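We have chain A already, so just place chain B on it with the hints.
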Amino acid sequence: QKEVEQNSGPLSVPEGAIASLNCTYSDRGSQSFFWYRQYSGKSPELIMSIYSNGDKEDGRFTAQLNKASQYVSLLIRDSQPSDSATYLCAVNVFTGGGNKLTFGTGTQLKVEL
Amino acid sequence: NAGVTQTPKFRILKIGQSMTLQCTQDMNHNYMYWYRQDPGMGLKLIYYSVGAGITDKGEVPNGYNVSRSTTEDFPLRLELAAPSQTSVYFCASSYTDTSYNEQFFGPGTRLTVL
Numbered sequence: 190q191k192e193v194e195q196n197s198g199p200l201s202v203p204e205g206a207i208a209s210l211n212c213t214y215s216d217r218g219s220q221s222f223f224w225y226r227q228y229s230g231k232s233p234e235l236i237m238s239i240y241s242n243g244d245k246e247d248g249r250f251t252a253q254l255n256k257a258s259q260y261v262s263l264l265i266r267d268s269q270p271s272d273s274a275t276y277l278c279a280v281n282v283f284t285g286g287g288n289k290l291t292f293g294t295g296t297q298l299k300v301e302l
Numbered sequence: 033n034a035g036v037t038q039t040p041k042f043r044i045l046k047i048g049q050s051m052t053l054q055c056t057q058d059m060n061h062n063y064m065y066w067y068r069q070d071p072g073m074g075l076k077l078i079y080y081s082v083g084a085g086i087t088d089k090g091e092v093p094n095g096y097n098v099s100r101s102t103t104e105d106f107p108l109r110l111e112l113a114a115p116s117q118t119s120v121y122f123c124a125s126s127y128t129d130t131s132y133n134e135q136f137f138g139p140g141t142r143l144t145v146l
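Protein chains in written order, with the working numbering: chain A, 190 to 302; chain B, 33 to 146.
Chain A with its partners taken away, still in its complex shape (with noise of 0.2 angstroms):
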């Protein structure tokens, strides 16, 4: 079972609308959740953190966490074109070296006229 799994997609969406995103987790121990955005030939850029349980809410992005479930999911709400990207679902693990992000593959997003 992979640590952290996402849906590669492409997941396709039209201008305006509620884009969601979706990630699972092995590990219950698990205490941070991370969502970068990773635009084609760049580098991951980070635009969510969550800790707790619940929402967390930022502009147009809102986290979604639920670690009974091991679930995080981020919603883009009225999407635009420029959010087409790949989205990166990261978890943070605590293994003997310390604390470690995992990644997963990350869904592709793409957001259409």
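Treat the hints as calculated values from the structure; they're not laboratory data.
None of the values given here were measured: they were computed from a predicted structure.
Virtual Cβ for every residue (Gly too), placed ideally from N, Cα, C.
Keep in mind that a hint or two might mislead.
What the hints assert, rightly or not - Ranges of calculated distance between the beta carbons of each label pair, as one might list FRET restraints: (1) A:Ser258 <-> B:Pro93: 42 to 50 angstroms; (2) A:Asn255 <-> B:Met73: 42 to 50 angstroms; (3) B:Asn97 <-> A:Asp216: 23 to 31 angstroms; (4) B:Gln54 <-> A:Lys256: 16 to 24 angstroms; (5) B:Pro93 <-> A:Lys256: 39 to 47 angstroms; (6) A:Glu192 <-> B:Ile47: 28 to 36 angstroms; (7) B:Ser101 <-> A:Lys231: 28 to 36 angstroms; (8) A:Thr284 <-> B:Gly72: 19 to 27 angstroms.
Unchecked claim - Calculated pairs, DMTMM-like style, for lysine to aspartate or glutamate (alpha carbon to alpha carbon, straight line, at most 20 angstroms): (9) A:Lys289 <-> B:Glu111; (10) A:Lys256 <-> A:Glu194; (11) B:Lys89 <-> A:Glu192; (12) B:Lys41 <-> B:Glu91; (13) A:Lys231 <-> B:Asp70.
As the list claims (entries may be wrong) - Where chain A lies over chain B, by a calculated footprint (3+ residues, C-beta under 8 angstroms): (14) 104 to 114; (15) 134 to 145.
Only chain B this time, still in chain A's reference frame:
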């Protein structure tokens, strides 16, 4: 602040050659990381450092070496390059290595080994 910078942006190596990928951060972060990203795959941790003089292996360290002589710099050395090392390499840094370790990435180095 420039953040995390990496050089070179692109490089083509022949099998068996060696090279050093440079990484510098100006955020005074103690923690630095090297990842590789292959097409359709997630980021894989190669090596990390918790401060000057302290480094440790990540998930995929074979074929690589690192050193950390200053807080700012964390170079990655490839010895005897192989086609399997064709990838995009990202350096990242964070202020802490607790569970709240928000990591910030450099622009990446695209390496091809032929």
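We went through each hint and held it up to the structure:
1. A:Ser258 <-> B:Pro93: 42 to 50 angstroms: Between A:Ser258 and B:Pro93, where Cβ atoms are some 34 angstroms apart, the hint is violated.
2. A:Asn255 <-> B:Met73: 42 to 50 angstroms: Roughly 26 angstroms apart at Cβ, these two residues miss the hinted range, so it is violated.
3. B:Asn97 <-> A:Asp216: 23 to 31 angstroms: Taking Cβ atoms as reference, B:Asn97 and A:Asp216 lie about 29 angstroms apart, which means the hint holds.
4. B:Gln54 <-> A:Lys256: 16 to 24 angstroms: Violated, at about 39 angstroms.
5. B:Pro93 <-> A:Lys256: 39 to 47 angstroms: violated (31 angstroms)
6. A:Glu192 <-> B:Ile47: 28 to 36 angstroms: holds (32 angstroms)
7. B:Ser101 <-> A:Lys231: 28 to 36 angstroms: holds (29 angstroms)
8. A:Thr284 <-> B:Gly72: 19 to 27 angstroms: holds (25 angstroms)
9. A:Lys289 <-> B:Glu111: Cα-Cα ~25 angstroms, so violated.
10. A:Lys256 <-> A:Glu194: Answer holds: A:Lys256 to A:Glu194 is near 15 angstroms, not above 20 angstroms.
11. B:Lys89 <-> A:Glu192: holds (19 angstroms)
12. B:Lys41 <-> B:Glu91: At roughly 24 angstroms apart (the allowed maximum being 20 angstroms), B:Glu91 and B:Lys41 break the hint.
13. A:Lys231 <-> B:Asp70: holds (13 angstroms)
14. 104 to 114: Violated: only 0 residues of the region 104 to 114 of chain B have a Cβ under 8 angstroms from chain A.
15. 134 to 145: n = 7 at 8 angstroms, threshold three: holds.
The structure is inconsistent with the numbered hints 1, 2, 4, 5, 9, 12, 14, although it conforms to all the rest.
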